[in-house]
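Using the sequences provided together with the hints, build the complete structure.
This is what each chain is made of:
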Amino acid sequence: MNHDRIKDKLTEKFGPDTLQFETILDQMSVGVPSDKILNICTYLRDDPELQFDLLSFVGGVDYYPSSPRFELVYQIYSVSNVQRMRIKTRIDESDGSPACIESVYPVWKTADWHERETSEMFGIVFKNHPDPRKLLLPDEWRVHPLRKDFPLFGTQEDTPDLPS
Amino acid sequence: MARELSHRADIRSEIMEINLGPHHPSTHGVFRAIVELDGEKVLNCTPYLGYLHRGYEKTCENKKYHQVIPLTERCDYMGASSNSLAYCLTIEKMLGLEVPERAQVIRVIMAELSRIFSHLFWLGTHGHDIGAMTPLFYMLREREEIMNLFELTAGGRLMPTYIRIGGLARDLEDGFVEKLKAFTDHFDTRVDEYEILLTKNAIYMDRTQGIGFLSLDKAIQLGVSGPMIRASGKSWDIRKSEPYCGYERYDFDIPVERGCDVYSRYLVRVAEMRQSNRILKQAIKLLPEGPIRTVAPGKTFPPQEDIYTKMEALIHHFMLVVDGVKLPVGDCYQCIESPRGELGCYIVSDGGPNPYRLKWRAPAFVNLQTLAEMTRGCFFADLIAILSSIDIVLAEVDR
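First to last, the sequence lines map onto chains U and E. Residues 108 to 271 (the working numbering) are what the first sequence spells out, left to right. Residues 161 to 559 (the working numbering) are what the second sequence spells out, left to right.
Any given hint could turn out to be false.
To be verified - Here are the computed distance ranges between Cβ atoms for each label pair: (1) U/Asp124 x E/Glu311: 27 to 35 Å; (2) U/Pro213 x E/Lys201: 23 to 31 Å; (3) U/Asp111 x E/Asn204: 42 to 50 Å.
Rather than coming from a laboratory, the hints here were simulated on the basis of the structure. All C-beta atoms in this analysis are idealised placements derived from N, C-alpha and C, irrespective of residue type, glycine included.
See below:
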């Protein structure tokens with residue numbers, strides 16, 4: 108199973124215009140539209156040839172102030188094929204409503220905590236997440252520390268419990 | 161009869177919630193879980209994390225690449241060298257640096273020593289959690305020897321911070337190899353001693369066999385890696401499947417068990433210590449002479465003696481400290497087999513001197529997710545055994 112084969116299979120299934128492939132340092136990543144994330148993930152896991160059955164992590168990247176602001180990274184692995192790849196998707200927040208994407212918990216159960224962490228750190232909402240509570244941060248915090256516009260030491264108003 | 165009935169009506173049969181931790185010795189740090197109990201049976205277990213959250217990833221984004229190395233070791237302080245190794249491998253991959261042969265072998269030595277170090281302490285505390293007080297003292301005896309070896313490399317006993325981008329901080333101290341050799345020579349018999357204490361111990365077997373069942377299917381769904389997945393019957397070790405640091409040259413086996421329970425995890429980790437010792441013995445034979453850090457001006461620090469004698473080296477050193485190394489724009493994920501499983505580092509670079517984003521894929525964080533799955537329906541006392549079989553380091557879970 109090489110990169111070209113994965114590329115061909117994905118292009119065949121989802122059409123040539125929806126996906127952007129990129130290979131840096133022999134690591135393959137595919138950019139997907141955010142509304143198709145669940146379909147693509149399910150396909151990558153269930154296809155008998157691809158079998159990406161293990162999700163290494165879900166992480167977010169904040170590209171403030173460019174737009175769309177956030178990028179979500181899904182690093183996946185196929186235990187039987189010894190193959191890794193990344194899925195990337197860009198999402199944005201609009202006035203008043205937070206950035207939003209479908210949870211991949213139905214595809215990989217391990218996404219549960221990864222998505223909870225990404226959600227609190229970036230203020231991204233994962234739709235249909237089974238347990239959308241905060242994971243690492245205090246419940247009363249309304250700020251998202253991994254955003255680029257969050258100051259390193261916090262602020263007196265938002266995070267009074269941090270040493271300044 | 162009537163009296164008995166009224167007595168029964170007094171018995172409260174609602175579900176009881178127990179708060180476990182955060183300050184409890186068997187939680188190995190500050191881990192808190194709300195356990196719902198029906199009598200002695202666990203109905204559900206909900207972990208509450210974050211007591212040790214220090215904003216590791218945010219801190220890294222505000223440090224220069226060379227400054228991140230000590231922070232990585234504070235994540236998993238039990239297998240400290242594995243952490244800095246994962247981080248340095250990622251940077252080296254992005255910079256396209258080749259690491260000298262001698263440094264590669266020493267890195268393997270450090271990684272395997274840290275694996276034994278971590279498994280030893282796990283085994284001791286795990287026995288302690290189950291009620292076997294004695295093993296811990298045996299493990300600490302060997303652990304002390306490894307600490308002395310770490311101290312010889314870079315001074316730190318728990319966290320050596322010995323690995324650098326492009327190689328190592330300094331060459332091995334005189335006498336290190338002899339001490340290491342003495343350790344590897346007697347370590348196998350020490351593992352035999354541990355096994356005498358626990359492997360066929362009837363109480364230990366009773367407490368661990370069939371407890372904390374995790375099928376391979378569930379393990380993969382939950383993203384489990386390392387000894388946990390090998391105890392569920394999957395022969396997956398990143399040292400074999402995607403070798404780094406020249407692991408393909410070493411001859412070792414992947415211990416696999418099919419019991420999917422706490423006892424299997426114990427067997428796998430004990431067998432792994434023997435395999436690590438095997439690798440160490442080969443590494444001592446393999447250890448070549450040569451430089452310990454690759455020379456790449458502007459990327460790696462020049463050798464200390466050059467800084468004192470050569471103008472260019474002094475300038476490069478100065479510029480590296482002031483400006484930091486700049487990585488090409490792009491992203492990279494590199495993972496290694498840490499004592500706990502797939503330890504990965506994902507770095508996004510925007511071409512600046514700091515990581516634009518650093519995501520730490522901590523194996524203990526992922527493996528801990530299995531706790532609720534494994535404890536459902538078991539006794540409360542078994543929950544402690546199961547929790548300790550996951551081998552968590554809370555500093556890594558909370559980051």
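Now the hints, each set against the structure:
Between aspartate 124 of chain U and glutamate 311 of chain E the beta carbon distance is about 59 Å. The supplied range of 27 to 35 Å is therefore violated. Hint check: proline 213 of chain U to lysine 201 of chain E, Cβ distance near 29 Å, so the stated range 23 to 31 Å holds. The hinted window of 42 to 50 Å between aspartate 111 of chain U and asparagine 204 of chain E holds, with their beta carbons roughly 46 Å apart.
Checked against the numbered hints given earlier, this structure breaks only hint 1.
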